[in-house]
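Student: Chains A and B, in that order, give the protein sequences.
Residue 2 in the working numbering sits at position 2 of the first sequence, with consecutive numbering throughout.
Add 327 to the 1-based position in the second sequence for the working numbering, that's all there is to it.
Hints were generated in silico from the structure; no laboratory data involved.
C-beta atoms are modelled at their ideal positions from N, C-alpha and C, and glycine is treated no differently.
Take these hints with a grain of salt, some might be off.
What the hints assert, rightly or not - So the derived label-pair ranges between C-beta atoms look like this:
#1 V196(A) <-> I335(B): 52 to 60 Å
#2 I165(A) <-> Q415(B): 35 to 43 Å
#3 I165(A) <-> R422(B): 41 to 49 Å
#4 E336(B) <-> E25(A): 28 to 36 Å
#5 L303(A) <-> K389(B): 44 to 52 Å
#6 L342(B) <-> K54(A): 23 to 31 Å
Stated by the list, open to error - Stretches of chain B that chain A covers, calculated by requiring three or more beta carbons in the stretch to come under 8 Å of a beta carbon on chain A:
#7 349-363
#8 369-381
#9 394-405
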Amino acid sequence: MHEMVERYVHQVGLYVRPKERAEIEAELRSQIQDQLDDRFDHAPSTADVAVVLKQLGDPRTMAASYSGDQMLVGPELYPFMMTVLRIGLPLMPAAVVIANIVGAALSAETVDWFGLLISSLFTAVQAALLFFAAVVLIFAVLERSGAEIRAKAKANFDPYALPSIDDPSGVDRLESGFGIAIGTLMSLAIVYFLQVGGLTLRFNPSDPGDVLPVPTGWLVALLLSIVSNVALNLWALVRQRWTFVTWLAQSMFEFVGAIALYFAIYTPVAERIIATSPELAERLPIAELPWIITLFAVLIVVLMNGVRLIRLWQHRSQPYRTASATS
Amino acid sequence: MNDQGDPIEQIRLELRRGIVVLAVLSQLDSASYGYNLVQRLAALGLDVEEGTLYPLLRRLEKQGLLKSEWDTSDSRPRKYYRVSGEGQRVLNVLRAEWQQTVDVMTRILKEDHHA
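So here's chain A without its partners, still in its complex pose:
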């Protein structure tokens, strides 16, 4: 099987339902090969394959044809939205309930556990609905705003420009979905913290409980870095590609986010623990934890993102467009 065909089939497979993917890929591979066999007496050249794939059209359009009718969020973005929802929807209510319970357990006040459980469940449902609405809204806007860009890309579809299967610039559905889901969750939480004037584990706007004041500037910086990261992930989804520059920007925002976390979350929380539980601070290195966690996070950002950054740089200097020159 010609390598360009494999790349095409792989791209189609990225946008169809996962449970149908293997079968659709097998069918499509066979159908393309039938066409190549019937149209060309000789072994098809790269140029021959490119002509056939060009006629088949953009892989996303082909995948959309397999997916049926249009929706509020079209078939190109729908799998990504579902990934974000699958990750975020179970996390959001769980995080709210756990935060409320932990907050109550650490509180000095007497706790009505039954009342807390009921209010936590109610808040969790609200949070899940808020998360669902935010994600659907983001993807619906993306669907409309990105339509022109995607239509242009489809019209200019060039088989020679199909990414290789292990292309580092490819957008990983799980990775982007996780980034967008966590980013949206954290953004909603930070907006809540800004609204109530600090950190709290009780997610109830009318009764936020014990609020720990934190530097607002760093909280805003954290929010901006997270929102920027979500925006970059969405950008990558629309263009189906990470570039060296966008990945570098994402890494920078993650770096800024890690520093902002140190000032806006870790340090105030550590100081509160030292003040309220000095015996705990004696047993554990609470004062050192903020910079240890931050150092660890920065190292992960540098190592994980750095490897891909290098691959993207190398990939940039070795474009796959050479195929057209060899045919």
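Chain A is fixed; fit chain B onto it per the hints.
Tutor: Quick look at chain B alone, frame taken from chain A:
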């Protein structure tokens, strides 16, 4: 090119959508593979893009109107499609429906022409 801005193209696409289903069902009384079907339809005067036909074959198969079989006797597997019993029944109904539609539309367009 914005298809949504071209009403003729939009309507043409809508008209063709149903026709292609009927044409495909009518040609698959004997087993055929995707590209072969494209060629047969083209020889009969109906050009169908492969990007339209291949997903359609899968959709009709999922609806139970076609049945398929992988032929693995050759050097590489090839998928053959054939109309199912249910597909044949649907085809007969649609064929009569189509004939009726053609008659009606011929009359309507003729009247429109004279108006």
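Student: Give me the numbers of the hints this structure contradicts, sorted from smallest to largest.
Tutor: Failing hints: none at all.
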